[in-house]
Amino acid sequence: MKLTSEQVNDIAIESRLLLTEQELDGATRYINNFLDILDSFKELDLTDVEPFSFAEALECPLREDKVCAFPDTEAILHESEHVDGSYFKVPRIMEE
Amino acid sequence: MSELTFTPVIGIEIHIRLKSDSKIFCSCSTNTDAPANTNICPVCMGLPGSLPHLNHRVVEQGMLAGMALNCGIRPKSLFFRKSYFYPDLPKGHQISQCDLPITTSGYIEVHDSEGNLKKIRVHHLHLEEDVGSLHHSASDGRLEGADTSYVDYNRSGTPLAEIVSEPDVASAAEAVEYVTTLRRRVIYSGASDVELEKGMMRFDANVSMKCSDGRWGRKVEVKNMNSFKALERAIEYEIKRQKKIMLSGGEVIQETRHWNDSKGVTTGSRLKEFYRKFIVEPDLPPLYISQEWVNRVRARMPEMPDVRANRYVSEMNLPREVADFITDDKNLADYFESCVKAGANPVRAAHWVRTEVLRVMNEKQLKIQNFMITPEVLAGLVNRVDEGKLSTTQGKEVFDYMCANNCGVDEAVKNLGITEGGVAGSALDEIIKSVLAANPDVLNEIKSGLDKKGKKLKFLQGLVMKESKGQAKPQEVAEAIANAVK
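In order, the protein sequence lines correspond to chains A and Y.
Here the first sequence stands for residues 13 to 108, where the numbers follow this note's numbering.
Here the second sequence stands for residues 17 to 502, where the numbers follow this note's numbering.
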């Protein structure tokens, strides 16, 4: 599998990155080299092998359904520069 | 050339808010009515370094909801990060079970257009977190059209179950029955209150059309329905729209459309589609559910409403409509059953619950759990009416008196001056005697055979009923007067 420089540019835009022509060429080469390595895995027969997710055999820890309010919600609100009263402000997003 | 026919092929996705005190991955309250952004913490705000911690009760609520839909519980499920770039979810991804959901392969029964039962298969139910709410009008009251949206993250991280059906629904009516039945069953299971007015149930529908000439239309996803009526109207609209396109030889485009409730139309969405990529949530190891845990949760499942309604019809001879009505609300059905257990005739008890109990509940804005007359006391009253000790009218008077004064049947009967069993025997004879004595002319007319149409006799019966304050039985009065005037 190979990605075109247009596809890499799309990914960069989704990641909020602006690349110069030179950087885009470099990134495309780098990603494609990596994809070549992944392609070599196709030689393996993985028919009965479950997809790998976790290195250790862990179980999801569960917690009791108990409310414990965070003590400083104001501090969270003021992590943002864009606050109006108790609301976060974002650019208006048209829904229709 | 034969006329073309079209078969709608519809799948429905439903989001239901699960009932819990705290959010799915953090300990913030699920109260979304609290002042904006007061139930937030680093976890539901996606701040760096915070870790999700799964709520035990939410897992059980998911199991209960799945069981209510006849789904099987999977021994292993997994959470994923679903990439999602929108300001109502600050992490940039939604934590959701996608490929490995907690419950799968269920069904809900509905009636097809010919009235036969058919199964709508439920593909799966998975757990996920809800997003925050965006307010497009300004918080300071400025009109819409401002260039800013306001975000409240109180809802972000509240637990949701997403329920995905197979494309087995063939009409808007089936869709409504499917979601109505599903909602009732989930409420019974205790997994959610599913209050529609609070936005606890939201629908998307995938609609496509199959034509009798072999053509298949593309699938259109219709979003933005949050009431049964909106779902019904949106599907009906979409069926008509797609049929029209196909009849004119056009092709239905695969797209996402939004239902506009005020205009009654669906419109193509101009929203940019996101990259819907998934990766395994590295902060949440697999969720393992043992058979023993499943058994414990299953033991809490009550009888489902449709099963209960069928039992009322087959064992108690309730008309189907009445059985469906009573079982619609679990608490009302519990009240009715307690009344029957206390000895009331089921058909009569159902009638009393449906008319008198509901009337007072509505008048006084009461829930059945807080109703002033216990089912056992109501059973006593129903029985006295049944046995003829009280007339139906008297029974209703007693019922109203008990509601107003919070007292039992005996006290109400006594305070209302009602003679149980009615006025009969010598008491009735006394009344007749005094009525006849006060109306000698009428008596003479009858005795001399002038009352050919029996009008005078009826007049006397009316006077006796009045004197007995309605407590005599009309049939007995008629016979007793007929004997007295011979």
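Read the hints as simulated data drawn from the structure, not as lab findings.
One thing to keep in mind: the hints can contain errors.
As the list claims (entries may be wrong) - Once the Cα atoms are required to be at most 30 Å apart in a straight line, the calculated DSS-like pairs of lysine-lysine come out as:
| id | chain 1 | residue 1 | chain 2 | residue 2 |
| --- | --- | --- | --- | --- |
| 1 | Y | LYS107 | A | LYS78 |
| 2 | A | LYS78 | Y | LYS92 |
| 3 | A | LYS78 | Y | LYS471 |
| 4 | Y | LYS412 | A | LYS78 |
Just so you know, these numbers come straight off a predicted model, no measurement behind them.
Query raised in the report: Looking back at the numbered hints, which does the structure fail to meet, lowest number first?
Result: 3 and 4
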